[in-house]
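Dock chain to chain to rebuild the complex, using the hints, since each chain is given by itself in its own frame.
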Amino acid sequence: MSTTNAAFEFHAIFGDLDDGLAVLHSSVDRLRVVLGRDRDDVALLRFETALGEIGSNVLTHGRPAGTQAPVDYRLRFDHDVVEASLTDFGAPVHEHLGRDMPEQESESGRGLAMARSLLDELGYERDGDVNRWRLVKRL
Amino acid sequence: MALEVQTRQTDGGVTIVAPTGRLDVAGAPALKEAINGLTENGPPHVVIDMEGVSFVDSTGLGSVIAALKQIRNRQGELRLAAPNQQARVVLELTTLDRVFPYYATLEDALAGF
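These protein sequences, in sequence, are chains A and B.
Heads up: the first sequence at position 37 corresponds to 37 in the working numbering, and the numbers run straight through without jumps.
Heads up: the second sequence at position 105 corresponds to 1105 in the working numbering, and the numbers run straight through without jumps.
Pulled out of the complex, with its shape left as it was, chain B reads as follows (with noise of 0.2 Å):
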């Protein structure tokens, strides 16, 4: 299934990206673009709802860690929420875990951003 992104934008002003499908090799262009369109008044806040996502492969991984570093070069923050357990098994394997704070559910990473 190839990926989707949908984005919006909380009350609070948190951007919530939500893709749907593998974030492969194949999906990871999407998420870099969804990323790219981001305009933000100020330091990006950002949560990648990860529910809909069935498979992380390094690709993808790094279309994640491209998203953390340009939302950081604008002071901003970014969140990973709801990784099912083949994205946790990735994120832990490659440490990245200790980069990228993950949230059980999208409630979780949006409370206190």
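So here's chain A without its partners, still in its complex pose (with noise of 0.2 Å):
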């Protein structure tokens, strides 16, 4: 963690699922104990929620086959406002993002729907051979 302007600064870079996961959750813990939120604080669980369902995504789906590219994470929060920034090197994902809610007893594809209820703002860019994922939510 860096202090600059910001009230709260983190920045990771990393490639293994189980490393990479740990890493997200653990920066919304640090940011849980900056903010003095309790482990209940519903705003900040549901931004979590979100950053695991995207987080996901980017460490299974975001490499290429056959290649270890590593995934550039950023959490920052600042004026009431919790933003992470996700880069992959996957394959161009526009025709997922509007993907609805699937039936109750489906087992997938409900990872992007989740994440678009449960923020405020999510984006998405497709830079070059970059994904850029940008997830806001105010708390």
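Just so you know, the hints here were simulated from the structure itself, not pulled from any lab data.
What you are looking at is a predicted structure, and each value in this text was computed from that prediction instead of being measured.
We put the CB at the ideal spot given by N, CA and C, even for glycine.
Heads up, some of the hints might be wrong.
With the C-beta cut set under 10 Å, the calculated list includes, among others, these residues of chain B facing chain A [what the hints assert, rightly or not]:
id, residue
1, Ala1002
2, Gly1062
3, Ser1063
4, Arg1074
5, Gln1086
6, Val1089
7, Leu1093
Okay, the calculated beta carbon distance ranges per label pair [to be verified]:
id, chain 1, residue 1, chain 2, residue 2, range
8, A, Asp120, B, Gly1042, 48 to 56 Å
9, A, Asp129, B, Arg1008, 47 to 55 Å
10, B, Asn1036, A, Arg39, 27 to 35 Å
11, A, Gly36, B, Pro1029, 32 to 40 Å
12, B, Val1099, A, Leu139, 29 to 37 Å
13, A, Asp129, B, Asp1108, 45 to 53 Å
Chain B is nowhere near these chain A residues, computed Cβ spacing over 10 Å in every case [to be verified]:
id, residue
14, Arg39
15, His79
16, Ser117
Shown next, in the form of structure tokens:
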């Protein structure tokens, strides 16, 4: 963690699924402590849940087959708004972004729909070979 | 923390499946394996005790749905016990709280099974 003009900033680069997910959750835990929010703070839990969804997508689909390209992750909090960014080198995902919540007994396909519902803004752009994700929520 | 899953049986024949850790894309296979490994003489009655689960994502939720379908196919019943606030957020967001009866405590889930 470093301190600049923002109240909280965190940056990490990772590639392994387990390690990457652990980093995402531990960064939110650190923010939770800095903000003095308890474990059941719903706004932060909703943000963490969306972050887990996008993070797991990035870590499982975000690397071209046979490569170990790293994921770049940043978390920032300022003026009551938490914002995360993730970049990966996977295939473009435009066609999946608007996916609706599947039927109740479906075992997959909820991640992006959940993230959209949980956040104030879910941003995505394709920049050359890179997917750039932006997750924003007012706490 | 990788998901660890313990199972035990009550005197009344209910199987308690107790995962500990994150029930997410990395942990979901361990829950599926535990459910697949249940051996039952008759319809399975299963409680997933969520007290030790710190976080649930959509893949983890998918593994619970798979368990529900597997158990219902054998004319059994699945209940969820003690989901934390984050798990309840996910269940309510996906409206799966209407599919899974969940109980505040393990004792509540076992009552009347």
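Looking only at beta-carbon atoms, does the pair B/Asn1036, A/Arg39 fall within the given range of 27 to 35 Å? holds, 32 Å
Since A/His79 was said not to touch the interface, does its Cβ keep a gap of more than 10 Å from each Cβ of chain B? holds, 24 Å
A closest beta-carbon separation below 10 Å is what the hint needs, so does B/Leu1093 meet it against chain A? holds, 6 Å
Pairwise beta carbon distance, A/Gly36 to B/Pro1029, judged against the given window 32 to 40 Å: Holds: the Cβ-Cβ distance is about 36 Å, inside 32 to 40 Å.
Holds or violated: B/Gln1086 as interface residue toward chain A, Cβ cutoff 10 Å? This hint holds: B/Gln1086 lies near chain A, its Cβ roughly 5 Å from the closest one there, short of 10 Å.
Holds or violated: the 48 to 56 Å window for the beta-carbon distance between A/Asp120 and B/Gly1042? Holds, since A/Asp120 and B/Gly1042 (Cβ atoms, about 49 Å apart) stay within the stated range.
Check on A/Ser117 being off the interface with chain B, judged by Cβ distance over 10 Å: violated, 6 Å
Cβ separation of A/Asp129 and B/Arg1008, checked against the hinted range 47 to 55 Å: holds, 50 Å
B/Ala1002 was flagged as interface toward chain A. Is the shortest Cβ-Cβ separation under 10 Å? Constraint on B/Ala1002 satisfied, holds at 7 Å.
Report holds if the minimum CB distance from A/Arg39 to chain B is greater than 10 Å, and violated otherwise. Non-interface label on A/Arg39 violated, nearest chain B Cβ at 7 Å vs cutoff 10 Å.
Cβ-Cβ distance between A/Asp129 and B/Asp1108: within 45 to 53 Å? Because 52 Å falls inside the window, the suggested range holds.
Just to be careful: measuring from the Cβ of B/Arg1074 to every Cβ in chain A, is the smallest value less than 10 Å? Violated, because the Cβ-Cβ distance from B/Arg1074 to chain A comes to roughly 16 Å (cut-off 10 Å).
In summary, the structure is inconsistent with hints 4, 14 and 16 from the numbered list given earlier, while agreeing with the others.
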